[in-house]
Amino acid sequence: MIEVKGLAKTFGQFTAVAGVSFEVREGETFAMLGPNGSGKSTILKSIAGLQRPTEGTITIGGVNALKAPLAARKLISYLPQRVGFHDCLTAHEVLEFYCRLRKLPISRIDDVVHSSEFNFNGFSEKRVSELSGGMKQKLGLAIACLADAPVLLLDEPTVSLDPAGAIAFRKFLKKLKEKGKTIVFTSHVLADVEMLADRVAILVDGKLTAVLPIEELRQQIADRDRSLEEIYLEYASAA
Amino acid sequence: MELSSILPIAHRELIVAIRNKWTVIFAFVFGSLVLAISYFGTITAGEIGFQGFNRTTASLLSLVLYLIPLVSLMMGTQSFLRNEGEDEMLFSQPVSRSEILTGKLLGLFAAMTTATFIGFGVGGVVIATQTDAEGFLGYPVFVLLSLFLTLVFLSLSMLAAIISQRRTKAFGLALLLWFFFVILYDLLVLGGSLLLKERSANYFIFASLFGNPVDIVRVAGLLSMKGGEVFGAAGAALLKFLGGYGQAIAALVVGLIVWTAVPILASFRLLRDQDI
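In the order they appear, the protein sequences are chains A and B.
Mapping the first sequence onto the working numbering, position 83 (from 1) lands on 83, and the numbers just tick up by one.
Add 239 to a position in the second sequence, counting from 1, and you land on the number used in the working numbering.
Rather than coming from a laboratory, the hints here were simulated on the basis of the structure.
If you're wondering where the values come from, they're calculated on a predicted model, not measured in any experiment.
Beta carbons are placed, not taken as given, at the ideal position from N, Cα and C, and that holds for glycine.
Watch out, some of these pointers could steer you wrong.
Chain A stretches covered by chain B per the calculated footprint, using a threshold of three residues with CB under 8 Å from any CB of chain B [unchecked claim]:
| # | region |
| --- | --- |
| 1 | 56-67 |
| 2 | 84-95 |
Calculated pairs, BS3-like style, for lysine-lysine (alpha carbon to alpha carbon, straight line, at most 25 Å) [unchecked claim]:
| # | chain 1 | residue 1 | chain 2 | residue 2 |
| --- | --- | --- | --- | --- |
| 3 | A | 5 | A | 103 |
| 4 | B | 260 | A | 136 |
| 5 | B | 260 | A | 126 |
| 6 | A | 207 | A | 103 |
| 7 | A | 5 | A | 207 |
Please construct the entire structure, taking both the sequences and the accompanying hints into account.
Here it is, written out as structure tokens:
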């Protein structure tokens with residue numbers, strides 16, 4: 001579904017991503033794990049069409065994302081690490097705006113708000129200025145779900161959620177996964193990775209050090225009596 | 240570009256400007272300005288009371304040439320500046336970057352147009368009820384020119400925000416643009432013309448008129464009032480070179496269109512290659 005080949009991104013002298021290649025299969029949940037500044041968000045932003053790679057190609061559903069960005073963006077929904085909306089609008093107005101932008105019927109808002117387990121109810125008439133960080137994150141996720149796009153790109157999605165919110169969010173993502181969505185997410189929260197990912201990419205200093213199926217990681221945890229954190233740190237320090 | 244992508248963005252921008260009270264504030268400022276200038280405009284001559292449209296429009300024009308560029312640059316820069324979380328979500332939608340910029344520009348322009356119509360409209364109605372209608376036709380032309388000036392400076396604010404990217408730099412550049420076009424430019428032209436011989440100076444003044452949208456609007460406003468005696472050097476040179484009112488107005492309108500289009504196109508080009 002997503003093919004990233006030789007992706008590189010430099011900002012002046014700083015190399016954020018150095019020739020990364022990987023594939024994400026249709027219906028797969030792919031996690032990108034790495035310390036701060038390892039290039040996870042840059043890769044995700046490049047796939048979402050927000051940053052132009054210095055080198056490399058990105059293909060989404062057979063569409064070259066660099067040559068046909070609009071066609072590629074129709075196939076994705078992106079949730080940034082920090083969401084932001086105009087304070088004076090209500091959550092419902094924000095959802096309505098994104099519905100119109102993607103040329104979706106307004107009834108789609110009710111489908112998303114009422115059908116999910118991720119409790120979007122109760123805040124749609126509130127103004128953004130009255131929403132907590134977690135509620136804003138939920139609103140961002142609701143927007144990402146509006147288009148029912150086949151690919152979901154989530155940058156540190158549980159970072160502003162409280163524990164209950166994070167658990168509900170994981171359940172919600174599992175539901176989306178069962179529906180066959182292709183999900184790519186970055187995270188520092190290893191619980192997210194362990195629960196959701198089919199495969200895990202470990203990034204250090206803009207380089208991909210390993211891409212492992214989650215079963216292999218679980219096997220290593222069991223065989224070597226180590227935690228996921230310890231195994232992750234081993235890969236990171238070996239790079 | 241698709242209108243169905245541009246309109247929701249324009250609509251949102253308009254709603255945000257109305258809810259943030261900008262539109263109401265500017266409408267109040269414009270309305271108060273019209274009434275104050277009309278009522279107190281001749282206080283130095285020892286008179287007080289509403290003046291007709293001719294005098295009011297002429298006095299308003301000079302004030303508006305300071306105020307509208309400033310207001311448009313500030314409001315536009317604030318809106319076109321990056322808001323990380325908001326922009327990442329917006330720019331990842333299947334909408335082109337030029338559609339996003341066009342939508343924002345139209346929304347802001349709609350907000351300023353609403354404020355202008357309400358402020359100048361209410362003021363105009365009060366003057367019409369208090370005085371005779373002499374010179375009334377010049378008033379709507381003046382309002383139209385104010386809107387054109389708004390559009391030009393909103394486009395320039397878009398370019399300033401895209402070039403600068405950072406808040407302080409963008410507002411600094413916007414203020415610099417205001418200072419250059421509203422204060423400095425005429426002084427430079429005046430200084431330049433003094434260094435030239437009469438014929439060359441006339442050409443220089445004529446050409447320099449099109450280098451500043453504020454001057455274009457000033458001369459167009461004076462032309463529309465047919466106030467030949469108050470044209471100043473630029474207006475006189477314009478009429479001399481173009482041969483009449485019709486040609487002069489057409490040239491000025493083309494000048495304003497170019498001043499609107501160039502910053503917009505430059506912004507499209509610059510944003511195309513920028514990272515969000």
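Structure-based check of all given hints:
| no. | hint | in the structure |
| --- | --- | --- |
| 1 | 56-67 | violated (count 0) |
| 2 | 84-95 | holds (count 6) |
| 3 | A/5 / A/103 | violated, 32 Å |
| 4 | B/260 / A/136 | holds, 24 Å |
| 5 | B/260 / A/126 | holds, 19 Å |
| 6 | A/207 / A/103 | violated, 38 Å |
| 7 | A/5 / A/207 | holds, 13 Å |
Violation of the numbered hints given earlier is confined to hints 1, 3, 6; the remaining hints are satisfied by the structure.
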